[in-house]
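Asker: The task is to assemble the complex, starting from two chains supplied on their own in separate frames and drawing on the hints.
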Amino acid sequence: MLEIQGLSKSYGNNAAVDNVDFTVPDGQVGILLGPNGAGKSTIIKSIAGLLRYKGMIRIQGLPARTVEAKKVFAYVPEIPNMFDALTVREHIEYIRMAYNSDITDEEVEQILKEFEMDDKQDKLGNELSKGMMQKVSICCALAVKPQVILLDEPMVGLDPAAIKKLKEVVLELRNQGVTVLISTHMLEMVENLWDIMFVMEKGHIIGSYTKQDAEGRDLDDLFFAMTGGEKE
Amino acid sequence: MKALIYLTKRSFINNLKRAVTKPTTLIALIFGIAYGAFVIFGLGVMAVGVHIDSVKGLLAVLTIWSIYNTFGNFLGYSSRKGIIFRPGHAHFVFTAPIDPKLVLISSAWMNYLFSIIVWLLIGIGSLTVFRIPILSAAVIFLGGCVLELAFEAAVMIFLYTNDRVPEKLMKAIRMGIKIFLIVCALAVVLYFRKNGLTLETAWALLDMPGLQMIPVFGWQIAIYRLILLGPTVLNVICSILYLAMAAVSVIAAVRMKCDGGYYEEAAKFADDYADLKKRQKNGEMVFGLSGKKRSFRRVREKIAGKGAQAIFYRQLLEYKKEKFFIFDKITLISLVLAFIFSYSLSDSAAESGVGQLFLLGVVAYVSLVMSGYLGKWESELKNPYLFLVPDTPLRKMWYATLIEHIKAFVNGCIICIPIGIFWHVNPVEIIFCILIYVVIQADRLYTTVLAQCLLGDVFGKTGQNVLRMLIQSALLGAGAGVAVVVGIFVNMDFIFPIVLIYSMMVTVAVGVLASLRFNTMEQLV
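Protein chains in written order, with our numbering: chain A, 1 to 232; chain B, 1 to 525.
Mixed in with the good hints, there may be bad ones.
As the list claims (entries may be wrong) - Chain A side only, calculated, beta carbon under 8 angstroms to chain B, not exhaustive:
| # | residue |
| --- | --- |
| 1 | Tyr11 |
| 2 | Leu51 |
| 3 | Ala98 |
Hint data in this document are derived by calculation from the structure and do not stem from the laboratory.
Every residue gets a Cβ at the ideal spot worked out from N, C-alpha and C, and that includes glycine.
Next comes chain B alone, as it looks inside the complex (with noise of 0.2 angstroms):
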């Protein structure tokens, strides 16, 4: 257990250095801090505008997350991902002569930690927003955050530790209780629209005596019950119930077996934990762990195109094996804002009049959602073979970015075409929004290339992110000011074709510019 301290001790203490001495993580680091304070300063206050700040409104709180940690650790816990191994875990940490189970226990210290935040903010708010009795507060606070963490310990050991329960049947439980969360959730939806949405009727449904006999987190919500409603015969014994539990949960998990066999999950975790995360610096949108290997389709079919067209040939080539062909993640999202802007807005847009313009806002609005996405290509960058094909590099660039323009366009039509016929945007306005809109996303991906040839690596991905949105707003917001200007004094059909033609000349010559990042591998800083 001292090499496992220690481990994660000078390992802590590695990363404050370093984040100390990197302007860019010490950043993050306080606006990361700020931004938390202020959102939990902001719940405060809305609980307290609500009217939820009692007792009742700290109830509510806790059953909200009994429910959401309960669930979830028995989902992450029971597919062995809920704990972060890193590969170098595998190479030093499993092949050493150390218990299994402490290397389990000691290795969910983020979890914990987790846990301790959660229960001091609640600690705090039950002081301060929810003004419950000190001594009910600091019951609340030790009881609830000891038993949690217990059970919680218990349960994760169980759970990685047992191999005696099929994958089949702990399969069947995960998606038990998927079902069971989506039911819970459609309930609660029935409930509220059959009763209406009052502080009343939330807190009769957080009263049904049904709740706390819920095992697991209803026996847990019972005492809380106790602690901050005074004894009744259901939560005593509901109560009892899960002190129980977690007492028989923890001398099993101490007296459980464990020769270390959840090693093999672990190891691999880690090595699919690490693939994410590299994937996500590339700027790739991956949202979980998916464990198995990508399967592609198969397609016999040569690459055609001489010089820098061999690179869009290829990369069209891999799109065709990919299940969706160029349709991802973002061709989903643009379908789901699609269709929530052309339901929730297209009374008071075709109202308006200006339907256009408002259609304008959405393809600005979503070019900055999706700023973030940077897409396959710029793995191109990272492949050597790119700066060995004998063309020019402006040719380079354009071939390798091709397909993104592609995916713009289809993007795009998605986006505009809906959301203009709902609103009854002129044809004519529908296509130049699409083409903005992919003009729009060719700018952000120059200007992306732009801000890695001047700043290089030395601000890291969110330097290069910012000088981007600079960049690109200084730019481009020049060209949406000069024909807000030209739309209101002289004709408002200017406004489209003066800021279609004008990103385009700036799209070219930024083009242009980041072409360079195209002539060697190197970067410029």
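Just chain A, same shape as in the assembly (with noise of 0.2 angstroms):
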């Protein structure tokens, strides 16, 4: 579970997230919505541990800040960002034993092998495309095996073979019990994936569906009737 309450987060007078509450439960894909500077990053990015915030983030049940909810956390930032010195496969043997993973040489092919990473294991950081380092990036936070995800527009810069890779992946996640938050703009990506959707503006939570509430409506209805922007 991933536990939003009270969040704030100001850079100098600017209030970039004023008092956010939010919860994705056990096992649920959590969708964060919003148009540009609505705050999202700033959410996932004191989630993640990257900023310092007023209120309390917690990550199955554990403050997040703390080593024990780290252990359980995986995340895949909206700009993936290498070592530029170190390979494919060096970084995922960092991972596991930075967070003691206890994945195996074969699972670690088997990721590879799925996003079409296994034949460039041995290549460099700063040799890898924009794609191929989001790809390194998901493989990365799937080598965790993790009880919480965060994804921040994790298509972007993805080929076509490896979204559908990453929907199912999702899917897969949600299947075992991991609670997944994905923040992104591209609405039909998200579609089929979401159990429960939050919609940002000027730092707030302006609403927020689950899949039931919604009622078979599409996301961008949704959206756009919280936003009172227009469909295309």
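Answerer: Quick look at the structure:
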């Protein structure tokens, strides 16, 4: 479970996120939507522990900044940043050590194969294209074997095969009881994935729906109804 | 910690492998090591030459190192910019289940390495140059290195993880330190002006009891004095104070709670540092991390000009939005150089009767000093829109670099006019010098493009620069040689027109060749 309570973050006098509360229950896929500048990235970075904030973030009931919480948490940032001098395989080895993950070599091979990176294991970080970096970033997150995973615009830069694979992986994770939070602008990409959605605007959550509440309505209908925009 | 050691180890090995397989990096590495060894050897010889190859000389070195290291560390760590983090840290390390203090300690390995190298050199120098007993040298090396590193790590943890002391107070302390250092430097200058710059006065300055009483670095100096000169009441008390302070700092650092609040600044630093590296690689002159977003002036103006001309007017608009228009660090350096040359050489240049040749020499020297500077225009070549503009490559190149020629003209005026006036150079020859400066700068730009064309990325920026220098010195050197011969055997007045006309011809020829690079985005190699 991922719980956000009273989360606030300011940059100088500008409140990027103001007293935000939401929860993604165990084994559900939550999506965080909102126009540019709504505060999504600030929330994502706060959950990942990259920002100071006011309020409480809990991962599986543990304060997000604790080492115990981080052990069960994986993060795929919007812009992947590889270590220039580490190969793809070494990135995964590092993750295995840092998280003390029990992932086996066969499982690593399998993940890399699924994302068509098995033949690029010896490539250095600075030799990868943006799409490949994104794939490595996803593979590393999966190597953690997390209970909560945070994906920030995960489809950007991916080829169609990788997007398809990623969608399958998200559903697979959900079936395994993993809590997933995806922040995205690509509504059509997450149409069939979500269980609970949150819409942000100007630093606040302005509405949320569960799949049941939505009663079969399209994600973009719900989104534009809340933000007041128009569906194309 | 195992994961962080793995990360550092693998990065180091892979970087080394890459350096060995890349000839330019390997050559630069060998050259760097050889140069470093030469400088150190030279300093050793100099120490013997000026008779500071004694215990007091070593004390002077240790004093300077203590002051530099103590304040340097504080300034760097208190602004949370003392440790080099990469964007990869924000992605893979800050989010991992690793104690933030361990992240801090392991990420600062380069700082420790630097300190250890300095201490090794001090240790070797103690035996070979300053000729102190081997036992004292060992104690100095071990004591200094261990104590200093322990204290440095403690200070680093305290300053990075401390969220209680307000940033405003930290800023005030940093400003206080800078003012203190300036005051100290002024005091030292005044001291030597009053007492004369001799070895005796220097030793007397080092022996001032007040120096050892200054907290932190003064106490550190007291320890070195205790080891090297034997105990006195003052150095024993101050040494105890230093040991106590180091012990308390280490204990406090171990006990301090840290939940990774500093990751916010560290992640920002990583981005800024990556940006700085990228800009430096692109040839921009960037000296430090500003950390602030660049602000631009509001200018409401339409871009005039058609075809390739639009490139020039767009650049002009960009410069109008800059704080100081086209004036930048190069302008500042030109001003400083003009001031230095105007003052320092005015008598000898004026008396020689050939001040104009001195000025020509200055123009050549400044061109050499500025040879590493590429300027903004080079980013044009990375912009696909440049190649889509429906115009000829030659016109595109001309308009993409025109503003650089204007800047070169302004800088040429800043350098040549004051120096020329101070050195009593004929106004016509001053104008010649300005024009020669502009042409040399233009030649440098076009030769850079030509070198890029010929080498591509095969030998990196270093290879391109070496080739550029070879082409430029071969072409312009021939002209300079002819001009000198004509000047000596025919008439001195011909030197300036010959140099200018020849340089212009060469520059136009190189420019035409270089314009090929503006045809397609793909390089020829």
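Asker: Just pull the numbers of the violated hints for me, sorted ascending.
Answerer: The structure breaks only hint 1.
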